[in-house]
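Sequence order for the protein chains is A and B. Under this note's numbering, read the first sequence as residues 591 to 748, first letter to last. Under this note's numbering, read the second sequence as residues 24 to 132, first letter to last.
Hints are computed from structural coordinates only; laboratory data are not their basis. Among the hints, erroneous ones may be present.
Stated by the list, open to error - Heads up, simulated SDA-like pairs for lysine to any residue below, C-alpha to C-alpha not over 20 Å straight-line:
| no. | chain 1 | residue 1 | chain 2 | residue 2 |
| --- | --- | --- | --- | --- |
| 1 | A | 629 | B | 81 |
| 2 | B | 118 | A | 709 |
| 3 | B | 118 | A | 681 |
Unchecked claim - Across the chosen pairs, the derived CB separations fall in these ranges:
| no. | chain 1 | residue 1 | chain 2 | residue 2 | range |
| --- | --- | --- | --- | --- | --- |
| 4 | A | 704 | B | 126 | 16 to 24 Å |
| 5 | A | 671 | B | 87 | 40 to 48 Å |
| 6 | B | 41 | A | 676 | 50 to 58 Å |
| 7 | A | 647 | B | 87 | 52 to 60 Å |
| 8 | B | 126 | A | 671 | 17 to 25 Å |
| 9 | B | 107 | A | 639 | 49 to 57 Å |
The C-beta atom is built at its ideal place from N, Cα and C for all residues, glycine as well.
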Amino acid sequence: MSENSETDLVLVHLFDAPVGAVFDAWTGREEWQSWLGPKGVHCEISRLEARVGGRYQLTMCLESGKTIAVSGEFKTVDRPRLLVFTWGVDGDGALQSLISLSFRALGAERTELTLRQEGLRSIANRDAHGAGWESAFQKLATRLDSRAISLAPRGAST
Amino acid sequence: MTQLDLAFGALADSTRRAILVRLARGNATVGELAEPFKLSLPAISRHLKVLENAALITNERHGKHRFCSLRRDTLSETSEWLDFQRRFWVGSLEKLDRRLRERRARKPS
């Protein structure tokens, strides 16, 4: 039995664009770099070979000034249906994952993209480090409180 | 359901949070954990199962006793890494969405 599904990240997003354009946004260096990363994170892509066995290398630049080097290998490049590549933090064997992108045309100008990131669970196998866990627990507890608030019965306020 | 969802679910109970705080001081047997909470062994076992499923503790038999210990790795690393990845990709897809819209707006139709 696979337990990985517990920690898979699955996102489904609809785009008002042709499936080919959504696919190509991932396979051109400048194109990918123009949007990769959430608000406050800029990615510098130094290498991108979007073919099976090809590699990419990028640096995430966070607002804090911290940088994270990420690289991986393309496993499947099947335009415009499927794109699979590994995604890992350089130098950290534990922070490795596999990203699968499925593209589905819902119309000439409408595309459904499903992003699945798996393999994240392996990080739970890392040795425990005493330092740092207390603050993580505090953070978790704080977020738990904020979640509890957001889960308060909505009907009650009407 | 993500690991983080399981962890949040497990932590949404004061008894289970207290068990984790107790285990932060050191490993304990199931009996030792049950004692301060005035809970029956089956009741405490149910709580421990939830924590174990969420990978927040391990519960292993050594001889006659079962010992519980905290999985600090899950608490710290899983939540931070998963959270970062989710924020990263959600934010990226939103940016891609905007970029594709801009491109369409520029293109004469």
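Problem set entry | 50 to 58 Å as the expected CB spacing between residue 676(A) and residue 41(B), which holds or is violated | violated (41 Å)
Exercise. Between residue 118(B) and residue 681(A), does the CA-CA distance stay at or below 20 Å?
Worked result: violated (28 Å)
Exercise. Does the Cβ-Cβ separation between residue 126(B) and residue 671(A) fall within 17 to 25 Å?
Worked result: At roughly 21 Å between Cβ atoms, residue 671(A) and residue 126(B) fall inside 17 to 25 Å, so the hint holds.
Exercise. Do residue 704(A) and residue 126(B) keep their Cβ atoms within the hinted range of 16 to 24 Å?
Worked result: holds (22 Å)
For this session: Evaluate the given range 49 to 57 Å for the C-beta pair formed by residue 107(B) and residue 639(A).
Result: violated (26 Å)
Exercise. Given the hinted pair residue 629(A) and residue 81(B), is their alpha-carbon gap at most 20 Å?
Worked result: violated (38 Å)
Exercise. Has the hinted range 40 to 48 Å been met by the Cβ atoms of residue 671(A) and residue 87(B)?
Worked result: Check failed, 57 Å falls outside 40 to 48 Å.
Exercise. Okay, residue 647(A) versus residue 87(B) on CB: inside 52 to 60 Å?
Worked result: For residue 87(B) against residue 647(A), whose Cβ atoms are near 54 Å apart, the range 52 to 60 Å holds.
Exercise. Going straight from one Cα to the other, do residue 118(B) and residue 709(A) come out at no more than 20 Å?
Worked result: violated (25 Å)
Violated hints, in rising order: 1, 2, 3, 5, 6, 9; the structure is consistent with all others.
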